[in-house]
Each structure stands twice: as C-alpha cells, then as structure tokens.
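Visitor: Sequence:
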Amino acid sequence: MRYQFVVPGEPGSKGRPRFSNRGKYVSVHTPPKTVEYENLVRLSFMEQCGTPSMLEGSLEVKIFAYFSPPKKVSKVKLNKMLANEIQPQKKPDSDNIAKVVLDSLNKVAFEDDKQVSDLHVFKRYAQKPCVMVVINEIKESEE
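Each residue of the sequence shown is one higher than the one before, starting from 0 at the first, in numbering that gives the first Met the number 0.
Source of the hints: derived by calculation from the structure; they are not laboratory data.
Owing to the predicted nature of the structure, the values given are computational and were not obtained by experimental measurement.
Some clues are possibly wrong.
Cβ pair distances, simulated, as ranges [unchecked claim]:
(1) Val5 x Pro69: 19 to 27 Å
(2) Phe18 x Glu55: 29 to 37 Å
(3) Lys76 x Ser19: 43 to 51 Å
(4) Leu77 x Arg17: 31 to 39 Å
(5) Lys79 x Phe18: 37 to 45 Å
(6) Val133 x Asp94: 17 to 25 Å
(7) Ser73 x Asn20: 50 to 58 Å
(8) Lys90 x Val34: 14 to 22 Å
(9) Lys70 x Leu118: 25 to 33 Å
Ideal placement from N, C-alpha and C gives every residue a C-beta, glycine not left out.
Let's have the full structure, built from the sequences with the hints guiding it.
Guide: So this is what it looks like as structure tokens:
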C-alpha cells in the first residue's frame, strides 16, 4: 500500500520541548508552533488520503521539503535553484523535518514511527513551498 500527500506552506520542524518547575514537579510543554504544524500535517494526510487503515510492517518514507527561494536573488541563481542545481542549506535541518512529519503520523498513518526502516529527506527550492510525503509498505520477502 502507498500513501502520498502534500502539506502546504514552508516546511516546519520539531521544536525542542520546554521544561518548567511546578513545585516538586517538572512539566513539559511542546512549543505551540510545533503543535500547529503537527496538526497541519495530520489534517493534510486525512484530507488527501481519507481515513485509511494504518500501514503495517516495515515502511519506506520519502519527504520532499520545498522551500521558497530567497527574495533577493539574481535571475540566474533563481533559475539554478529551481532547476535543483543549488539546494537549500538552511534551517530547518532534515532530521527535524522528518521528526515532525513522522511524529504527526503516529496512530494516524501507522502505529508508530519505529516501523520506518528506510527514510529519505530531500530539501529543494520551489516557487510554491510545501512538503510532499510518500509512504510505502515494504514487502517482506517470503523464504
């Protein structure tokens, strides 16, 4: 089985949790920006893929993060960026993009992101920023 969907807007990332003391206890807070982006990923998946059965077994996930080119850049450089001759070397980091996408899909597309055995993250420039996610079940060979 295969799922593919697009999350509109600039790629987001997993923010670091914040800790605060509450007397004898410590509470952990996920940054609001992270929560909003996780909800956007979940909503995009459900809108575009429906409410399918969760994927089982090993998974391959490809994440294509498309960033807007910088506002002030020459036409020559812009064309190179859009032709994938120049890739983004900016935040968020690839691992943080993957983390927020995979955490968002836990209990929605698959039981747990520990099922992901192959993960590929691509950062590119595009006129319309978005994140495209492709999830494939890996067929186990029968021996």
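Visitor: When the hints from earlier in the document are held up against this structure, which numbers fail?
Guide: none
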